[in-house]
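Line by line, the protein sequences give chains A and B. Counting in the working numbering, the first sequence runs from 1 upward without gaps. Counting in the working numbering, the second sequence runs from 1 upward without gaps.
Hints may be right or wrong, so weigh each one.
Said to hold, decoys possible - EDC-like mimics (lysine to aspartate or glutamate), calculated; alpha carbons at most 20 angstroms apart, straight line:
1) 127(A) with 333(B)
2) 41(B) with 60(B)
3) 127(A) with 325(B)
4) 127(A) with 110(B)
5) 259(B) with 228(B)
6) 402(B) with 280(B)
7) 145(B) with 110(B)
8) 327(B) with 98(A)
9) 406(B) with 325(B)
10) 261(A) with 216(A)
11) 327(B) with 416(B)
12) 311(A) with 79(A)
Keep in mind the hints are simulated off the structure, nothing from the lab.
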Amino acid sequence: MNPAPALSLPGRDLIGIQGLSAPEITGLLDLAEEFIELNRQIEKKRTTLRGRTQINLFFEASTRTQSSFEIAGKRLGADVMNMSVGSSSVKKGETLIDTAITLNAMHPDILVVRHHASGAVELLARKVDCCVVNAGDGAHEHPTQALLDALTIRRNKGRIGGLVVAICGDVAHSRVARSNIILLQALGAQVRVVAPSTLLPTGIENFGVEVHRTMEDGIASADIVMMLRLQRERMAGAYIPSVREYFHYFGLDEAKLRYAKPDALVMHPGPMNRGVEIDSSVADGPQSLIREQVEMGVAVRMAVLDTLARKLPNA
Amino acid sequence: MRDGLRGADPRPLLLANARVVDPSRGADFHGDVFLAEGVVKDAAFGLAAAGAPDGAEVIDCRGAVVAPGLIDMRAFVGEPGAEHRETLATASHAAAAGGVTTIICQPDTDPVVDDPAIVDFILRRARDTAVVRVHPMAAITKGLKGEEMTEIGLLKAAGAVAFTDAHKSVASALLLRRALTYARDFDALVVHHTEDASLSDGAMNESEFASRLGLSGCAKAAETIVLERDVRLVAGARGRYHAAALTCADSLAVLERAKEAGLPVTASVSINHLSFNELDIGGYRTFFKLRPPLRSEEEREALIRALASGLIDVVVSDHWPQDVEGKRLPFSEAEPGAVGLETLLSAALRLVHADKVDLVNLLHALSTRPAEILGLRGGTLKPGAPADVIVFDPDMPFVLDKTQLKSRSRNTPFDEARLAGRVLRTIVAGSIVYEYV
Chain A
1 MNPAPALSLP
11 GRDLIGIQGL
21 SAPEITGLLD
31 LAEEFIELNR
41 QIEKKRTTLR
51 GRTQINLFFE
61 ASTRTQSSFE
71 IAGKRLGADV
81 MNMSVGSSSV
91 KKGETLIDTA
101 ITLNAMHPDI
111 LVVRHHASGA
121 VELLARKVDC
131 CVVNAGDGAH
141 EHPTQALLDA
151 LTIRRNKGRI
161 GGLVVAICGD
171 VAHSRVARSN
181 IILLQALGAQ
191 VRVVAPSTLL
201 PTGIENFGVE
211 VHRTMEDGIA
221 SADIVMMLRL
231 QRERMAGAYI
241 PSVREYFHYF
251 GLDEAKLRYA
261 KPDALVMHPG
271 PMNRGVEIDS
281 SVADGPQSLI
291 REQVEMGVAV
301 RMAVLDTLAR
311 KLPNA
Chain B
1 MRDGLRGADP
11 RPLLLANARV
21 VDPSRGADFH
31 GDVFLAEGVV
41 KDAAFGLAAA
51 GAPDGAEVID
61 CRGAVVAPGL
71 IDMRAFVGEP
81 GAEHRETLAT
91 ASHAAAAGGV
101 TTIICQPDTD
111 PVVDDPAIVD
121 FILRRARDTA
131 VVRVHPMAAI
141 TKGLKGEEMT
151 EIGLLKAAGA
161 VAFTDAHKSV
171 ASALLLRRAL
181 TYARDFDALV
191 VHHTEDASLS
201 DGAMNESEFA
211 SRLGLSGCAK
221 AAETIVLERD
231 VRLVAGARGR
241 YHAAALTCAD
251 SLAVLERAKE
261 AGLPVTASVS
271 INHLSFNELD
281 IGGYRTFFKL
291 RPPLRSEEER
301 EALIRALASG
311 LIDVVVSDHW
321 PQDVEGKRLP
331 FSEAEPGAVG
341 LETLLSAALR
351 LVHADKVDLV
361 NLLHALSTRP
371 AEILGLRGGT
381 LKPGAPADVI
391 VFDPDMPFVL
401 DKTQLKSRSR
411 NTPFDEARLA
421 GRVLRTIVAG
431 SIVYEYV
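Bound conformation, chain A alone:
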């Protein structure tokens, strides 16, 4: 393998896609490409993070993202520890800074953090000396998801610029949507959002996206149809009348997918609610990239950890 290209990120941490330049994003994707090859070999280990300690601190349960970061860290040679903090207590936020200070005293090199409150990862990052990777904060950002989505798109379409990407579903509560909108626009894609008005955030018209309220309009001639998980646990305000009605109008099935380009590809960040936002025939169909997204997740996270580790003291 060639030596990794020299690249860097603007800060010590990766809190969001906001603030990254197009070359920085492309640099990360290029590096991730190398790790895809590595991950397909029998010997998957690198030593970039040897001796480093990575702590995955998850205030919100997530099997997929947490294991993806764990594998990424381990393949780069880091010692990885997982910490899941109970999310039942109402006052859980109280422990955030204390937890940060406590962990910081153990001298970790990398903290991977997920939290249910927007801005919480940034807050924590200010209290620690190591580098912090945002694994999702509230409805704010989920940068590694956007990067892995971009990598998946680029490998299948050969480019991102000029593509029409329709992001469909619960945009209002989705950090995946926010990070993806910023990233895809930075790389020149034409982004649409498709959702009932109750699931669109205020001011979405000013995000530079096309806003559609029906799937037929929204995914017409789209190159990529990106479905979002309907965050049922966040539906306290009854944003939609019923799952049945939601699936009828916004669930992606084969009939609706026919409005997109014939070679359109379907994505979903997972975990899927089959029969709610996506039909199994589409999720498992020939146009689905959903399993590939998971593979790209490990590669992208390795690229992020590798890049940030270069900035660590004594690197």
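Once you've looked at the hints, dock chain B against the given chain A.
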């Protein structure tokens, strides 16, 4: 200092060579103010030239402004129940340093001020520990639960100057109507927080910026809907009504119509909403998390215009101390509120320096008007008025350092702000309770 309010006769004071601003008369002139026996004896040109009365201390103000002390209609003091955030003593020292000579405190203490004994407790604690005047407001509903009316008559007799459910709206229109109707019989003032709970269950203003931060929003309509409802209730009940803190132009339009219709409706705006907009939240800065939330710049400008035109009656600090633990949290989980007693005047003077409001009108909204609305004797320099007077240099520049605040909590959004205008002396009942050194 503690003797300020109780003490025997303070020495007579002649505040000489001052720019005397008496908003109760619309007056702004060069002259002197003579205080004795706890009251203003005279405020006129040439008092000093005529010679200081026997035994009077003469203070050369060197052209600084002498004005009635400020009356802050909305401040949370943690006593009883949250003394770790603020006590009557610490709040009063903060007030004195900010030129506030009368604090009207909120009833959302623990226990809630819904019983005459608690009004009495606060008044006695204030007499014993505070250096400025303190008047409690009592709850409109028992326990602030919005279910049963409090003993408005007895509470008023005990010393409650107004009735409010603090930062809660009374959701039941029927209950508020009865409270307004009943309060009228006692000429009691209802101060109402106008925010529909179901529409304001968010972390900040509902806006594009909130969407970008991934924070849930509180709609402006939450405020206007409640205000509109309240105005209709006042039209029938005719009780005196004061909107506690308006934040948007839509509400101002409702207020204007109510006033044009001759209804007994008045309103406040908080200094925070005159000073900041939602963008000041920046990267989740919890010191800018307020209730009601900061709105857009457009709304802020509308509030300033309404203050200048007199549509807005009163400017309040909405002093709301929070301890470190309440603010060092993710934005959506942090407590709302900002301390403001000490910065109220300096921050408000920004509007004067920016030529948005003139000094007399500003001080009218900070002293004369709240006194009128509450039925207090202060807010004026007319002979016989209480000798609650401040001396301030409206131009003295400084950078606010939150560690220097006298309040027990330091959650100020003005930290490191450049301000101009500093209180030099605060006098309550004729005694100097604060002196800038």
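Hint check results:
no., hint, result
1, 127(A) with 333(B), "holds (18 angstroms)"
2, 41(B) with 60(B), "holds (18 angstroms)"
3, 127(A) with 325(B), "holds (15 angstroms)"
4, 127(A) with 110(B), "violated (33 angstroms)"
5, 259(B) with 228(B), "holds (12 angstroms)"
6, 402(B) with 280(B), "holds (17 angstroms)"
7, 145(B) with 110(B), "holds (13 angstroms)"
8, 327(B) with 98(A), "holds (14 angstroms)"
9, 406(B) with 325(B), "holds (19 angstroms)"
10, 261(A) with 216(A), "holds (12 angstroms)"
11, 327(B) with 416(B), "holds (18 angstroms)"
12, 311(A) with 79(A), "holds (18 angstroms)"
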